[in-house]
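Going line by line, the protein sequences match chains A and B.
Positions in the first sequence are counted from 1; adding 27 to them yields this note's numbering.
Positions in the second sequence are counted from 1; adding 37 to them yields this note's numbering.
It is worth saying that the hints were derived from the structure and are not from the lab.
Be a bit skeptical, because a hint or two may be false.
Said to hold, decoys possible - Here are the simulated BS3-like pairs of lysine-lysine, each with C-alpha atoms no more than 30 Å apart in a straight line:
{"#": "1", "chain 1": "A", "residue 1": "K41", "chain 2": "B", "residue 2": "K115"}
{"#": "2", "chain 1": "B", "residue 1": "K96", "chain 2": "B", "residue 2": "K115"}
{"#": "3", "chain 1": "B", "residue 1": "K96", "chain 2": "B", "residue 2": "K106"}
{"#": "4", "chain 1": "A", "residue 1": "K36", "chain 2": "A", "residue 2": "K98"}
{"#": "5", "chain 1": "B", "residue 1": "K96", "chain 2": "A", "residue 2": "K84"}
{"#": "6", "chain 1": "A", "residue 1": "K84", "chain 2": "B", "residue 2": "K106"}
{"#": "7", "chain 1": "A", "residue 1": "K36", "chain 2": "B", "residue 2": "K106"}
{"#": "8", "chain 1": "A", "residue 1": "K97", "chain 2": "B", "residue 2": "K79"}
{"#": "9", "chain 1": "B", "residue 1": "K95", "chain 2": "A", "residue 2": "K98"}
{"#": "10", "chain 1": "B", "residue 1": "K79", "chain 2": "B", "residue 2": "K95"}
Quick caveat, the model's predicted, so the values are computed rather than measured.
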Amino acid sequence: DGGITQSPKYLFRKEGQNVTLSCEQNLNHDAMYWYRQDPGQGLRLIYYSQIVNDFQKGDIAEGYSVSREKKESFPLTVTSAQKNPTAFYLCASRWANSNQPQHFGDGTRLSIL
Amino acid sequence: ILNVEQSPQSLHVQEGDSTNFTCSFPSSNFYALHWYRWETAKSPEALFVMTLNGDEKKKGRISATLNTKEGYSYLYIKGSQPEDSATYLCAFLSPRYNNNDMRFGAGTRLTVKP
Chain A
28 DGGITQSPKY LFRKEGQNVT LSCEQNLNHD AMYWYRQDPG QGLRLIYYSQ IVNDFQKGDI
88 AEGYSVSREK KESFPLTVTS AQKNPTAFYL CASRWANSNQ PQHFGDGTRL SIL
Chain B
38 ILNVEQSPQS LHVQEGDSTN FTCSFPSSNF YALHWYRWET AKSPEALFVM TLNGDEKKKG
98 RISATLNTKE GYSYLYIKGS QPEDSATYLC AFLSPRYNNN DMRFGAGTRL TVKP
């Protein structure tokens, strides 16, 4: 079945560590997105990419980094510079340059130990 | 920052009530508006893709309208059922970055009591 896979589902990080969240899609979508959700808030855009080797900062990119070396993969690294990384992270993909909606993964919940 | 606002933040209704929510977005540089439904423990799923001023879309008891000139969209649910309980998100797609810049509102959390 086509879809988006995020792993792991739950992730724990010690302060000062970088962690990488995985997002893989087999929908052949060009565009991929990372969002963060905090309790009681909506989805805030961290980074997005419309094509391999290209990505754009969203509203809250500080403390995060991404790469897009393959069309199907868009990993997100939460660096030690991100002061409040505890949140729920959602990855999404869609057909680029279109009005088509996003397809979402199941999310990763990151917590600080 | 592209501001997309939704109201109310939460809503509690009785089974059988009809309800509606609002999504406000920048009226300039509009490309598309999406509505999503996000049930607890699941991923958000698309309900509607709206592109033209005056668009009206319907899926069962749920419908949506779009006014791009004044920058708002309404989502209506007729005869709410407990299974309609979810968070309803709208997302604004702007022409920035080749029509790929998508920003979400904070959502309206609907609870339908039996």
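Structure-based check of all given hints:
Restraint check for K41(A) and K115(B): the C-alpha separation of about 48 Å exceeds 30 Å, so the hint is violated. Proximity of K96(B) to K115(B) is assessed by CA-CA distance (about 11 Å); at most 30 Å being required, the pair is judged to hold. For the hint pairing K96(B) with K106(B), the CA-to-CA distance comes to about 24 Å; that is within 30 Å, so the pair holds. Restraint check for K36(A) and K98(A): the C-alpha separation of about 22 Å stays at or below 30 Å, so the hint holds.
Restraint check: the Cα-Cα separation between K96(B) and K84(A) comes to about 34 Å, which exceeds 30 Å; the hinted pair is violated. Restraint check for K84(A) and K106(B): the C-alpha separation of about 28 Å stays at or below 30 Å, so the hint holds. Between K36(A) and K106(B) the alpha-carbon distance is near 41 Å, which puts this suggested pair outside the 30 Å criterion. A C-alpha spacing of about 27 Å is found between K97(A) and K79(B), which places the hinted pair at or below 30 Å, so the restraint holds.
In summary, the hint linking K95(B) to K98(A) is not supported, as the alpha carbons are separated by about 34 Å, beyond the 30 Å threshold. A distance of roughly 23 Å separates the Cα atoms of K79(B) and K95(B); the hinted pair therefore holds under the 30 Å criterion.
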